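4 protein chains.
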Amino acid sequence: MQNPSPQMQRCIEACLKCYQACFGTAMNHCLESGGQHTEPAHFRLMIACSEICRTSAHFMLMNSEHHTHVCRECAEICEQCANDCERIGDMDACVSACRDCAAECRKMAG
Amino acid sequence: MQNPSPQMQRCIEACLKCYQACFGTAMNHCLESGGQHTEPAHFRLMIACSEICRTSAHFMLMNSEHHTHVCRECAEICEQCANDCERIGDMDACVSACRDCAAECRKMAG
Amino acid sequence: MQNPSPQMQRCIEACLKCYQACFGTAMNHCLESGGQHTEPAHFRLMIACSEICRTSAHFMLMNSEHHTHVCRECAEICEQCANDCERIGDMDACVSACRDCAAECRKMAG
Amino acid sequence: MQNPSPQMQRCIEACLKCYQACFGTAMNHCLESGGQHTEPAHFRLMIACSEICRTSAHFMLMNSEHHTHVCRECAEICEQCANDCERIGDMDACVSACRDCAAECRKMAG
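Chains as they are written, first to last, in numbering that gives the first Met the number 0: chain A, 0 to 109; chain B, 0 to 109; chain C, 0 to 109; chain D, 0 to 109.
Chain A extracted, bound-state conformation:
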């Protein structure tokens, strides 16, 4: 297999780490905490973030030229999710994973 470039590989890993952080936090910490954590707009954003990260990784793994657009959208959603997790608090791992992923995705978006 012709391996992805080191930069793409870092982005794939950032996407899959962010997917894990957001989906795992939403389905455990958020559901168990309730209150602001299950407020529809916040919870949807975390699930949307985890899904676009999963999709971005998929597009990069298959070397689709369309990964640039998907990564651009991923960066935008991750940034918004980081801000919302920061606002609510108590989700530092998500904030950090989202910020890292947004930064890597912006590089791939060209």
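Which copy? The list can't say, so a pair holds if one copy fits it or any two copies do.
Distance condition first, Cα-Cα at most 25 Å in a straight line; then the derived SDA-like pairs of lysine to any residue:
id	residue 1	residue 2
1	Lys-106	Glu-85
2	Lys-106	Val-94
3	Lys-106	Ala-40
4	Lys-106	Asn-27
5	Lys-106	Asn-62
6	Lys-106	Gln-8
7	Lys-16	His-65
8	Lys-16	Ile-87
The set of hints was computed from the structure by calculation and includes no laboratory data.
On a predicted model such as this, the values are computed, not experimentally measured, just so you know.
Add chains B, C and D to chain A, keeping to what the hints say.
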């Protein structure tokens, strides 16, 4: 459940129909036919198309405001996939599902 | 494309319908209703159900011989999800989609 | 977020690594090599393997009790995929990722 609007519901259905047509055709007809059908650029496009359709449906089902951007990307990939399937031939169901999906996604993209 | 058998096609459709009902209801009705609807065990079951339905459809679409095991697991999760939605109430579309999907998946599980 | 147990965390990582290896190899090395690599049974198995790995990780991340059954199925498909990649040759990273994932999934399957 507050149902999606009729227009969004039509788009969700077009996405899931296109997902089925492209993924099913790639993994059966294309793999079994070989030749142009498994040429990397074509095969990747079909898998990319099926994946973005799956993701678009997911974003609309959860009522994420970000569905507009995902639908715009979906319309673009579906249009390209329709053209490539037409060029190779023998994949009328894909061409038609991709064209329908592109049209519905463009309406959602606003 | 050699089409799936009519029975498999019905199962694919039942899976994708159940995916839509469970994921859409969880991310809209359940999040907006709160209370029992966002109780972790219930909400996780709805998301698990939507995910295994998505995966079962994927395995059947690609004609993987392993669809029999995935469909068996899908039938089990759908049945449990139908019962839990019935217990909480107010989710008739999910109950019905889960029961249909469980019935179709049991036929595919052989 | 109550973190997954160290054993579950190792399994999630093994699943996501195997997903990357199988999907990336199928969509690049296999498509570009052709011949045995795009023989339908082999190619489908690699895609099935990548998909069940993605689903297993999803079930563990959400702490669904059903992860035990999904992990059992994942172990079986990974083992079969490892053997098939070994038979064809030239896919050592897949063989190794599949074997690791099968071993971790068997521990989770109980």
